[in-house]
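Protein sequences appear in the order of chains A and B. Those letters in the first sequence? Residues 717 to 1191, per my numbering, in order. Those letters in the second sequence? Residues 717 to 1191, per my numbering, in order.
I should point out that these hints are in silico values taken from the structure, not numbers from a laboratory. Where is the CB? At the ideal position from N, CA and C, for every residue including glycine. Be a bit skeptical, because a hint or two may be false.
Unchecked claim - If you want a taste of the chain B side facing chain A, the calculated C-beta under 10 Å gives, among others:
| id | residue |
| --- | --- |
| 1 | 779 |
| 2 | 814 |
| 3 | 823 |
| 4 | 907 |
Claimed, not checked - Label-pair restraints from in silico Cβ distances:
| id | chain 1 | residue 1 | chain 2 | residue 2 | range |
| --- | --- | --- | --- | --- | --- |
| 5 | B | 814 | A | 1087 | 35 to 43 Å |
| 6 | B | 752 | A | 750 | 36 to 44 Å |
| 7 | B | 953 | A | 875 | 50 to 58 Å |
| 8 | A | 875 | B | 816 | 31 to 39 Å |
| 9 | A | 727 | B | 814 | 41 to 49 Å |
| 10 | B | 751 | A | 816 | 15 to 23 Å |
| 11 | B | 748 | A | 959 | 14 to 22 Å |
| 12 | A | 816 | B | 728 | 36 to 44 Å |
| 13 | A | 1157 | B | 798 | 55 to 63 Å |
| 14 | A | 1073 | B | 799 | 17 to 25 Å |
Protein chains: 2
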Amino acid sequence: MAPLTVESLNPSFLKVEYAVRGELAIKAEEYRTKLKTPNNGLPFDRVISSNIGNPQQKGLDQPPITFARQLAALMEYPALAELAPGVFPEDVVQRAKQLQEEIGSIGAYSHSQGVPLIREHVAKFIEERDGYPSDPKNIFLTAGASAGVSLFISMLLSTPDSGILIPIPQYPLYTATIAQFAGKPIPYYLDGSAEWNTSLEEIKTALKKADEEGTKPKALVVINPGNPTGALLMEDTQIELIRLCEKYGLVLLADEVYQSNLHSPASHPFTSFKKLVSKLQSSIPLVSFHSISKGVMGECGRRGGYFECTNISPEILALIYKMVSVGLCPPLQGQIAVDTLVRPPKVGEPSYAKWKEETDKIHAALAERTKLMASRLNLLPGVNCVNSPGALYLYPEITLSDKAIAEAKKNGKEPDAFYALQLLDETGICVVPGSGFGQREGTWHYRLTCLCPGVEEYVGKLEKFHNGFIQRYGA
Amino acid sequence: MAPLTVESLNPSFLKVEYAVRGELAIKAEEYRTKLKTPNNGLPFDRVISSNIGNPQQKGLDQPPITFARQLAALMEYPALAELAPGVFPEDVVQRAKQLQEEIGSIGAYSHSQGVPLIREHVAKFIEERDGYPSDPKNIFLTAGASAGVSLFISMLLSTPDSGILIPIPQYPLYTATIAQFAGKPIPYYLDGSAEWNTSLEEIKTALKKADEEGTKPKALVVINPGNPTGALLMEDTQIELIRLCEKYGLVLLADEVYQSNLHSPASHPFTSFKKLVSKLQSSIPLVSFHSISKGVMGECGRRGGYFECTNISPEILALIYKMVSVGLCPPLQGQIAVDTLVRPPKVGEPSYAKWKEETDKIHAALAERTKLMASRLNLLPGVNCVNSPGALYLYPEITLSDKAIAEAKKNGKEPDAFYALQLLDETGICVVPGSGFGQREGTWHYRLTCLCPGVEEYVGKLEKFHNGFIQRYGA
Chain A
717 MAPLTVESLN PSFLKVEYAV RGELAIKAEE YRTKLKTPNN GLPFDRVISS
767 NIGNPQQKGL DQPPITFARQ LAALMEYPAL AELAPGVFPE DVVQRAKQLQ
817 EEIGSIGAYS HSQGVPLIRE HVAKFIEERD GYPSDPKNIF LTAGASAGVS
867 LFISMLLSTP DSGILIPIPQ YPLYTATIAQ FAGKPIPYYL DGSAEWNTSL
917 EEIKTALKKA DEEGTKPKAL VVINPGNPTG ALLMEDTQIE LIRLCEKYGL
967 VLLADEVYQS NLHSPASHPF TSFKKLVSKL QSSIPLVSFH SISKGVMGEC
1017 GRRGGYFECT NISPEILALI YKMVSVGLCP PLQGQIAVDT LVRPPKVGEP
1067 SYAKWKEETD KIHAALAERT KLMASRLNLL PGVNCVNSPG ALYLYPEITL
1117 SDKAIAEAKK NGKEPDAFYA LQLLDETGIC VVPGSGFGQR EGTWHYRLTC
1167 LCPGVEEYVG KLEKFHNGFI QRYGA
Chain B
717 MAPLTVESLN PSFLKVEYAV RGELAIKAEE YRTKLKTPNN GLPFDRVISS
767 NIGNPQQKGL DQPPITFARQ LAALMEYPAL AELAPGVFPE DVVQRAKQLQ
817 EEIGSIGAYS HSQGVPLIRE HVAKFIEERD GYPSDPKNIF LTAGASAGVS
867 LFISMLLSTP DSGILIPIPQ YPLYTATIAQ FAGKPIPYYL DGSAEWNTSL
917 EEIKTALKKA DEEGTKPKAL VVINPGNPTG ALLMEDTQIE LIRLCEKYGL
967 VLLADEVYQS NLHSPASHPF TSFKKLVSKL QSSIPLVSFH SISKGVMGEC
1017 GRRGGYFECT NISPEILALI YKMVSVGLCP PLQGQIAVDT LVRPPKVGEP
1067 SYAKWKEETD KIHAALAERT KLMASRLNLL PGVNCVNSPG ALYLYPEITL
1117 SDKAIAEAKK NGKEPDAFYA LQLLDETGIC VVPGSGFGQR EGTWHYRLTC
1167 LCPGVEEYVG KLEKFHNGFI QRYGA
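Chain A extracted, bound-state conformation:
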C-alpha cells in the first residue's frame, strides 16, 4: 500500500495558517539552538522572541505572582503547610484548604465545566466588575481562551456557507480555526489611521459583500482590547455593535483576554460587553472569553481561562457541556489560577502588600515600554505606529520601497515577511509580519510584543536594522 500522504488528509487542515508560531518562530528556534554552539557565526548573542505574548518565557522573565505560585505549590503538595511552617502566608494556607475541601486532589478530573466553587468565584468577579448578575451555570472553565473560541467557532459553523465576521488585523487563531472547520471568514477592516478604530460602516460593507457571495454570517468576533492593535472600544461603538448583532441575528464572540492590560485607563477604559448587553437588556447571544495567560499573571503555560455565556439557552448549554465532557476537564492548575485571577488578595490580607507591589510593577513596566517603543518607532522614516492603549503589542505600519517589494517577490515572500526575516537574521529579534494578521492590500506591518526588558538595547537594534534596510532598498 502507498504510504500516508498529506493529500489523503482532511483538506481543511492544509488551509490552516498560524503565523505566531510559523516560519519566523521556527527559524528563531533554530537560531536559539545554533547559539549554543561555539563559533556559530551569528551576528547576535541571543534570540528575542517578540512574536508571542508569553511574558514568563526565558529571556523575558516576567516574574510570576508569588501569591499564585504559593497557592499552586500547596495544591500540588498539601503536606507542605505542615512540613514548611511559616513559609506560606496564612491567607494562602487558608485558600488552599478551602480549595482542597472542594476539589479533593488536583490529580482528579474535575467537573467538565470546571470546579463549581471556582465558577461561583468567577461569577462574583464578573458581578463586581460589571454591576450586573452572573450565573455560574453560564460559565465554563477552559484550557485557555483558545480552546473555548475553537469550540464555539466549530459549533456555529453549521453549513459550508457559514461565515464568521472577524476584524482585520486579527489574532490568527480566528482565521486558523475558521479554516480548520471549513467555514468562511468575513473580514472587516479596522482603521489604522484612527487608532485602529472599529467602524460600523466597515462591518456593514463586509456583511453586504458576504451576502453577495452567498455566505451566511453566524457570529461577530470582537477583540477588545485589540490584538494585534492594542485598541480599546468606546462604549458608544460597543452599543452599536450590539445593535448590529441584534439586527443581523449574530452571536457576539467577545475576546476580552487583555481586559486588565490597560496603559491609559483614564482615557481608554475597558467596558465588558456583558455589562452593556445587561444594561441594554439586549437578547443577543454573547460569549465572553477571558484568560490567565495575559493580564499581570501571564500564566500561559498552565492553560487556563473561562467563557461566560449570556442569552444562551439551557439546551445549548447542555450541548456545550456534552462537548467539553468528551475532553474530560480543563487542567486543574489552570482552574486554580483562574480562581486566583478572579480572587486576588484583598486589602488587609497577609499577601496583599506583596501582590500589590508585584502587579503594580508589571503594569507600570508594560505601559512605560509600550509608550517608549511606540515613540521611538515613530521617529523612524517610513514607520507609523499607534501608541497602543491596551494589550501587549505594537503593530507598526512600515512603508516598503518598490525595490524591497520586488526583492521580496523574487524570494517568494510577502514583503513584510521579507522585512521580518532580515530583522531576525541580523538582530535575533523575532516579530510576526502583518500578513499573518491581515492588513489592507498594499500596506505592510509587523507585530511585536512590549514584554522585553532592556528596551534601550532592543529598540536600538530595531532602529539600526531599519535604517540599514532603507539604505539597502531605499525609503
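Got chain A; can you put chain B on it based on the hints?
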C-alpha cells in the same frame, strides 16, 4: 431576530454521545449535592463514582505519588528548595533544577510539540521498553491522550465517506469524536465469550460491510489493554493486525494508555505496537497514545500524555505541528508529569524506596480488587464477568428478563441504562451502561471501575441490588 437555537448549530455536534459523563453521571452529581442537605430521603449516604477511571477523585482517594507531587510543587515555586531545606529529597531538588534550566518558568508557553528535553526522555523510555529506536521528533506531548486522538481522527476524516474501524465495546471517546467530525464508525466486535478477544475475521467482516456501504476505511483503532474490556492482545494477534493495516492501507491508532495497569503480567503481558512494527520492519503508519491519567500515577486532573508517530512523513509531522501550535502548548504541569512517568526514581536514588512502596501498593490493590469483584459478580445469577487482566475496569454481561426489557422500553430507556439507573437510585453507585460502549444486539452490560476502596461494602451493595432487581423483574 430569533434566538440562537440548537437546530442552527453544527448538526454533527447533536450526534455526539459520551456516556461516561452522560445521564447517569449528571444524576449522580445531583445526588451528591442532595446528600449535603439534611433529611434528603436518599437510601444511601454517599455516591460512589464507578463511572470513570479517575483514581484520585474524592471518595476513592488513591494517593498521588509523593515524588511526582514534590517535583510539581518545586516547579511551581522554585524558592521552596531554599525556603524549606530538608523537606525535598535531593533527587527531587536536582530534577527540578534540571527541568527549570531547560524550561524556565512553567508559566511560559513551551514548544508547541512539548518541551524538547521531556520528549527526549519519552524517546528514551520507549527505547528501553521496546529495544528499538525512538526519535523525539516523532513525539508530541498532549493534554491527555484524548486531545491527540481527537486531532488524529479529525485529520484522517478527509471526506464524508471516510470511516474509522473501532472495537465494540469501545471507549466512547472514539464514537464521540467520529460523530463530531462527521465521519463513519466501522464497528468490529470483540468476543466476550473469549476474554474479549480481538478477531481478525470480525475486522474483515466489518471491512466488507463498510465496502458495501461505500465507506472508505482510514484507520484501525485498537485499545490495548482494552477499555472497557481490560483485555490484553497477544503478540500473534497484534502481528495479524499490523499485516491487516499493511494490506488495507490503514493507519493504526494504538490506544495504550493502560499499558502499566497489568494484573497478571506473566500470563497477560503488554507488548507495544511500536515494538512489533519495528521488529517486523513494517511500514504502516502507527500512532501510539499514552497518558499520565492511568497507570499508577492516575494524574487525570493535570491533563498530560503523549503520542509517538511511526512511519509518518516529515510533511505530515509539520502539518501536525502546525495544528497543535494553534492551541499553543500542552499544560506544563501535564508535561512535567509525563517526565515523571517516563523517568521514575531509580534504585539507589533517595526517592526510590518510597516510590516503590507507593506504586507496588497501588498495583496490588487494583489487581486484588479486580479479581475479587469479578469472582463475586460471577456468583450472581445472570451475571457473566471476564476477570480483566488489565486496565481499571470490569465489563460484566447481565441477562435481563423480558419483563425488565419491556419496563425499560416503557420508560424510554435502554435496558442496561434502566438497570444502571435503578442501581444508582438504590445504592448511590454510578456505573456506565453497556449501551454507552456498544455491545452485540440483545446483550447487556455495564462498566464499573475497580478503584473503590472498601470492596466488601461496595460489592455487597451491588449484590443486594442485583438480587432485588431479579426479584422485581425475574431472572
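Item checked: Satisfaction of the residue 814/B interface hint, Cβ to chain A closer than 10 Å -> Violated. Min distance 15 Å.
Margin query: Would the hint on residue 823/B be counted as holding, given a Cβ-Cβ threshold of 10 Å to chain A?
Written below: holds (4 Å)
Margin query: A range of 50 to 58 Å was offered for this pair. Does it hold for the Cβ distance of residue 953/B and residue 875/A?
Written below: violated (43 Å)
Next item on the list: With respect to the beta-carbon atoms only, verify the hint that residue 814/B and residue 1087/A lie 35 to 43 Å apart.
Entry: holds (40 Å)
Next item on the list: Take a look at whether the Cβ-Cβ distance between residue 1073/A and residue 799/B falls inside 17 to 25 Å.
Entry: The hinted range 17 to 25 Å holds for residue 1073/A and residue 799/B, with Cβ atoms some 19 Å apart.
Next item on the list: Go ahead and decide if the range 36 to 44 Å is satisfied by the Cβ distance of residue 752/B to residue 750/A.
Entry: Violated, at about 60 Å.
Note to self: Assuming the hint says 55 to 63 Å, is it satisfied by the Cβ distance from residue 1157/A to residue 798/B or not?
What the structure shows: holds (57 Å)
Margin query: 41 to 49 Å was suggested as the range; check whether the CB atoms of residue 727/A and residue 814/B agree with it.
Written below: 43 Å Cβ-Cβ, so the 41 to 49 Å window holds.
Note to self: Does the beta carbon distance between residue 751/B and residue 816/A stay inside 15 to 23 Å, or does it fall outside?
What the structure shows: holds (19 Å)
Note to self: Given residue 907/B as an interface hint, is its Cβ closer than 10 Å to any Cβ of chain A?
What the structure shows: Since chain A brings no Cβ nearer than about 28 Å to residue 907/B, farther than 10 Å, the hint is violated.
Item checked: residue 779/B as chain A interface residue, shortest Cβ-Cβ below 10 Å -> OK, holds: residue 779/B within 10 Å of chain A, min 8 Å.
Note to self: A range of 14 to 22 Å was offered for this pair. Does it hold for the Cβ distance of residue 748/B and residue 959/A?
What the structure shows: Violated: the Cβ-Cβ distance is about 44 Å, outside 14 to 22 Å.
Hints 2, 4, 6, 7, 8 and 11 from the earlier list are contradicted by this structure; the remaining hints agree with it.
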